[in-house]
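A.B. asks: Below, each chain spelled out in residue letters.
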Amino acid sequence: MVRVTTLALPAPPASRVDRSGEPLIRAAGVWKIFGRHADRIIGTSDAELPRAELRAKTGCVAAVRDVSFDVWPGEVFVVMGLSGSGKSTLVRTLIRLIEPSAGQVDIAGKDVTAASQAELRELRRHTSSMVFQHFGLLAHRRVIDNVAFGLEIQGVSKAERLARAEKVLQLVGLEDSANSFPDQLSGGMQQRVGLARAFAVDPKVMLYDEPFSALDPLIRRDMQDEVIRLQHETGKTMVFITHDLPEALRLGDRIAIMRDGAIVQLGTPEELVGSPADEYVENFVRDIPRSHVLTIRWIMRDARPGEEDGPRLDVRTNVRKAIPVIAESERPVCAVEDGRVVGVVDRETVLTAIAGESA
Amino acid sequence: MAVAQPAARAVAAPAPRPWWRGRAGLVVAVVLGIVISYFGWRNDVPWPASLTWNSLAAHLDSFQTWLSDHRNLPHPSIVFRAFNGLASFLDDIVGWLTSFFFKLTWIGTTVLGVLVVLRYGGRRAALGVAAAFAAFAAMGLWEPSVRTFALTFASVALALAIGLPLGVLAGRSDRFARAITPVLDAMQIIPAFAYLMPIVILFSVGPGAAVATTLIYAIPPAIRITALGIRGVQPNTVEAATALGATRLQTLFKVQLPLARRMLLLSVNQTILFALSMVVIAGLIGGQGLGDVVTSGLYSNPALALLAGVAIVIMAIALDRATEAMAIRTDPAHRHLTEGKKRRLRLYTLACAAAVGLAVGLGYAFGAGSVWTGWTGQSWLLRQVQSVLDYVQNPSTFVFHITNPIGNFIVQYGLEPLRTFFVATPWPAMVFGLALIAFLVSGLRPALIVAAMLAVVGVANEWTPAMDTLSQVLVATVLTLAVGIPLGIWAAESERARRGMRPVLDVLQTLPQLVYIIPFIYLMPVSIVPGVMASVLYASPVVIRLVEAGIREVSPNSVEAAGAFGATRAQVLLKVKIPLAREAIMLGVNQGLIMVLAVVVIGGLVGSGALGYDVAQGLQRSLFGQGVLASLAILALGIALDRVTQGRRRRRLGDLA
Amino acid sequence: MKVRAGGLVAAAAVVVVLVTVGSAAARSSACGTVTINEQAWAGSTANTYVVKNVLEKNLGCHVNITKVAEVPVYQAMADGKTDAILEDWGHQPQWDQYVTKQKTVVRAGANGVKGVIGWYIPTYLMKQHPEFKTWKGLKGKETLFKSPESGSQGMFLGGDPSYQQKDQTLIKALGLNLKFVSVGAEPAQVARWTQLYKQKKPVLFYWYDPQYLNATYQVSRIQLPKRFKGCLDDEKLGGDPKKYACEYPSYTLLKFMSKKFASSGSPAVGVVKRFSWSNADQNAVAKMIAGDHMNPDQAAQKWISANKAKVNKWLGK
Ligand SMILES: Nc1ncnc2c1ncn2[C@@H]1O[C@H](COP(=O)(O)OP(=O)(O)O)[C@@H](O)[C@H]1O
Ligand SMILES: [Mg+2]
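Chains as they are written, first to last, in the working numbering: chain A, 1 to 359; chain B, 1 to 657; chain C, 1 to 317.
The following block holds chain A by itself, in its conformation from the complex (with noise of 0.2 Å):
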């Protein structure tokens, strides 16, 4: 008998991401160095000195070191890594509020290093937006005012633009408190008002800084379903950093991981927490259980002569769900992808994947 158990698990939601055309960000070899003279120092073999010793020969901070990516529209692209990594730099030098040293950065097809104030400003206000780590919200307005302010800024009609911040607050849920101001309301609910306010102006391109680092843990959980559901919601695209990995893996489609100011590796959370690219990647991810991260497609097997009718799973699917089906079931199970069997994962593979997770 056969039984078909792709529907048994609900299917991983199909990926929003759209490849097909151009990626809607892109940075080429971008660098960011602070300090006096730092333009002299790209392209000097000083720039491939370690942070520290440049610091010390220069008086200069490689912030950010020649970083390049791409994010594609509606991906959820990740930065991660340590304090002082470069993080908060890469984000800002995307839209500019910090000058980067050198590289490019294209954002819709548009060359925002080569862009007129205006056109900065433009793109700011419409493409854009940005949600940071301590709210930045105006104690002087009421939070309305302040989710309206970007649309104020934009020169929206008052009426319009109260109108429009009314209903992004019910999308975060704070359409009662929208004449209370910032001080009277909690952490969590402030940065829901920095949520709305960024949502407000329907951009783009949503850029993320460590938003949630400064609230508890349960609201930090309560606020990345928030992201995942308004993401699922609106298809926005984000880059969104945070110093805190289980963070990225539940948001990042594409996680990048920082040290030092470059990327040392960039790839999907499988690809991280199954083959980390050195042992600073490896750090972070020891703690992460893998079968919570990785798929069946990362431990199947080639599928040998007469496995292929045993039971079936999504390629997508993970390891943690899929252990109850492989455990049930006397035969291999068969890892399906658009409806072809691509591999098989068994007992043993299962087995061996745990057991590299204990090591």
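Some hints here could point you the wrong way.
Claimed, not checked - Some chain B residues well away from chain C (every beta-carbon gap over 12 Å; in silico):
#1 L160
#2 M326
#3 I328
#4 R419
#5 A562
#6 V576
Unchecked claim - List of simulated lysine-lysine pairs, DSS-like, C-alpha gap at most 27 Å:
#7 A:K158 x B:K342
#8 C:K198 x C:K287
#9 C:K114 x C:K133
#10 C:K57 x C:K226
#11 C:K317 x C:K57
#12 C:K317 x C:K114
#13 C:K139 x C:K101
#14 C:K310 x C:K101
#15 C:K114 x C:K146
#16 C:K317 x C:K273
#17 C:K243 x C:K172
#18 A:K167 x B:K254
#19 C:K201 x C:K136
#20 A:K167 x B:K103
#21 A:K204 x B:K342
#22 C:K139 x C:K57
#23 C:K287 x C:K308
#24 A:K158 x B:K341
#25 C:K103 x C:K200
#26 B:K341 x A:K167
#27 A:K158 x B:K103
In case anyone wonders, no lab produced these hints; they're calculated from the structure. By construction, the Cβ of each residue, glycine as well, lies at the ideal position given by its N, Cα and C atoms.
Dock chains B and C with the ligands against the given chain A, drawing on the hints supplied.
C.D. replies: Quick look at chains B and C with the ligands alone, frame taken from chain A:
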């Protein structure tokens, strides 16, 4: 061995260096060197005449003559006519304000003042304002008080109109801030006496000239505090606005200014106090009002001068409290208004306006005068004040027998020897010694500046009086710190002490020094002491406030941590709070010095002689050049002392960057 | 109608308009407004208020009083902001500048008071030491005037920085073992010597007459060397101290008017020009004001009613 060595080095803590081998020791060595040169070549090496520019004063005098000649031509040039126009414009503003208050009648003026404060500042502040009006009436000083208020109001409005935009600029541009800071220092240190005469030539006498003089002194705090406020706005809110595509102007008006609101109002508040402290000087050039009463009363009726001084203080405190209350009560970030509340407040405003109108109407109906001329307790008050003055003047009272010997002792064994030391020490020893100390304490640049400033003093032919003044300034500063730092610490540690001190500090900061110095002249009749006392009394409030603020601002976390280790209160204070408040304390030292220098001229009027006397004489005997040179010497001393005390702080900041 | 926060301002504006319209008319017109400058010392208050009351009561003038310092007041007269000063102790640079060169200020004659500046000691001391009648008697006795700040020398208390003085040079020229000690402005100097006076101690100081305090304290002048031809008074000019070795000149206290006022044709001009009285007159009024704390207007009226003849002369009757 070779292996063990680095390990050993790593383990052994560096042996603490004894203090005499550190920087302090070197400073002491330099001082010793100066002292030795004093004993070796006392009075032998005065500043050489060949190194002075003697005709400088004459050049300055002829400049003033030139100015006056061209200003008083039948048809002066456009520049002078512009000044003329400006002067009459300022005169008109003050005149208009004054007659406005007079035309409201005294009832209307009172009701207007009280209700404005009641509406925006609350009941307590309004009560204070009402009490101030009552006091002006009771002292029989209603009219001069109203005139002084009009003058102050106009000056403050203009100072803010100029100071706030410049402060915003200074807050947003480091380069502009750096360029403007020395100008502000000069505006605050150069005694008003030095530029009074050019002002009179350009603006003539009267309220306009008084406003111009006041502006020179009151604009700097407006600029400084505004810049501080703009800089203090959380960078992340500015960044958030930028990220949303705000223009610089949008960021300024929608984010920075509203968020800097508290500081902006503080700058209003401080501008008012600074403007009020110029009232007496303004009196010398036709400023009218309480300043007049003080200056003319000083010679013929000291009790009246004192009374007018008290009126100035009452006005200052009432305005201070009122602006503070208004700042807090109208802060939208802390006072969350609903629509309903807003509507009610609008009604309230309207009711207040109606009440003012009604009061004015009543005033006219009952024929109330433009100023209060009814009952006053002036003659009774004057008698009381006079009896106090008589008491301190009487050399047979026991107080005098205590204070007189103290004063004599300070002069004989403290001030006089120190003065002789500074004046008689060979000048090269002084210049190099002080520069060396500046180098040790603050670094090379400050040291060069100190040497240059002392050279300026010598070239301007002011070496001897400057050294005389320097000796007094040092004594006054040391006393100021000895008083100010402990009191500041106490005020930070005890809320009750703070509350008790506050009115006293307010009085000391706003009472014209010439007024409170009167009793000292009587009680310690030795020429230098009253001047030193005036400096100490004037400068300590600032030191107390800065030290207090610094200690209060020490992060509670550090204090808590120390407490968790079982530190006693004294330990927390000595080992945590004071070291962490060092910045503020150093700033206190620095500001204390500047304030002491600011009263040098007043010292000259009560017997300190030296530069202060020369400046005062410069104005009053039309020795313009002399006055300017002495003022420049004061400024040069100020810059030199500032560099010695502030250098280290700057250097540390430099390290951080 | 919408309720506006600007209501307060609007109401105030209405009040102002009403009031301005109402009160524009009342003002005395016969002689117009005369502005006299009162200096900071009691003598000046005395003559200013006497002239003020004469002008107001007899000519119906409206008299304003300004209180501008001695030197700036010349610019005030040049601008016509002050019409007259009634007591000036000598400001040669200003006379050169404003009277001679610019002709914006004009002389209005002497006010009749003779000013004397000199070195004074309390009269009780003069009685004990008759040799102090002349400066020569001071020689060798300087240490009598020792004080904490003068060290081993005798102390000479200098005058207000705004007054004419040449004492530092004089001391040098006369070869006296005295130290010039500045005690600052006049109130401070007065405090200092009156205190010593009350203790009947020796004190030597710069002083002058007329001065209302001279009615309360008995002071005597020390005779300095007589004036000789070419003798100098402004020590800032420098040069040989010997040239300064003479007593202060006696001052004829002068009146000045602004050019504008002098040529205005106001009847007050004549009164200002003719005003003149004696040292005794001035001291009497000054004592009432400064010594007895009488209201200056009352003191002036009291003197006026007792001296009708003098007042009539000023009025040209
Ligand atoms: N304005 C600045 N001037 C000098 N150095 C800076 C500045 N901003 C950041 N840095 C330095 O750049 C490095 C990266 O900082 P940041 O981007 O804030 O890291 P992260 O956000 O990952 O914690 C740090 O070493 C930091 O000290
Ligand atoms: Mg960061």
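A.B. asks: Does each hint hold? Answer for all of them.
C.D. replies: Here's how the hints hold up against the structure:
{"no.": "1", "hint": "L160", "in the structure": "holds (18 Å)"}
{"no.": "2", "hint": "M326", "in the structure": "holds (14 Å)"}
{"no.": "3", "hint": "I328", "in the structure": "holds (19 Å)"}
{"no.": "4", "hint": "R419", "in the structure": "violated (9 Å)"}
{"no.": "5", "hint": "A562", "in the structure": "holds (48 Å)"}
{"no.": "6", "hint": "V576", "in the structure": "holds (45 Å)"}
{"no.": "7", "hint": "A:K158 x B:K342", "in the structure": "holds (19 Å)"}
{"no.": "8", "hint": "C:K198 x C:K287", "in the structure": "holds (19 Å)"}
{"no.": "9", "hint": "C:K114 x C:K133", "in the structure": "holds (21 Å)"}
{"no.": "10", "hint": "C:K57 x C:K226", "in the structure": "violated (45 Å)"}
{"no.": "11", "hint": "C:K317 x C:K57", "in the structure": "holds (15 Å)"}
{"no.": "12", "hint": "C:K317 x C:K114", "in the structure": "holds (25 Å)"}
{"no.": "13", "hint": "C:K139 x C:K101", "in the structure": "violated (45 Å)"}
{"no.": "14", "hint": "C:K310 x C:K101", "in the structure": "violated (35 Å)"}
{"no.": "15", "hint": "C:K114 x C:K146", "in the structure": "violated (32 Å)"}
{"no.": "16", "hint": "C:K317 x C:K273", "in the structure": "holds (14 Å)"}
{"no.": "17", "hint": "C:K243 x C:K172", "in the structure": "holds (11 Å)"}
{"no.": "18", "hint": "A:K167 x B:K254", "in the structure": "holds (23 Å)"}
{"no.": "19", "hint": "C:K201 x C:K136", "in the structure": "holds (21 Å)"}
{"no.": "20", "hint": "A:K167 x B:K103", "in the structure": "violated (55 Å)"}
{"no.": "21", "hint": "A:K204 x B:K342", "in the structure": "violated (38 Å)"}
{"no.": "22", "hint": "C:K139 x C:K57", "in the structure": "violated (55 Å)"}
{"no.": "23", "hint": "C:K287 x C:K308", "in the structure": "holds (20 Å)"}
{"no.": "24", "hint": "A:K158 x B:K341", "in the structure": "holds (21 Å)"}
{"no.": "25", "hint": "C:K103 x C:K200", "in the structure": "violated (50 Å)"}
{"no.": "26", "hint": "B:K341 x A:K167", "in the structure": "holds (25 Å)"}
{"no.": "27", "hint": "A:K158 x B:K103", "in the structure": "violated (43 Å)"}
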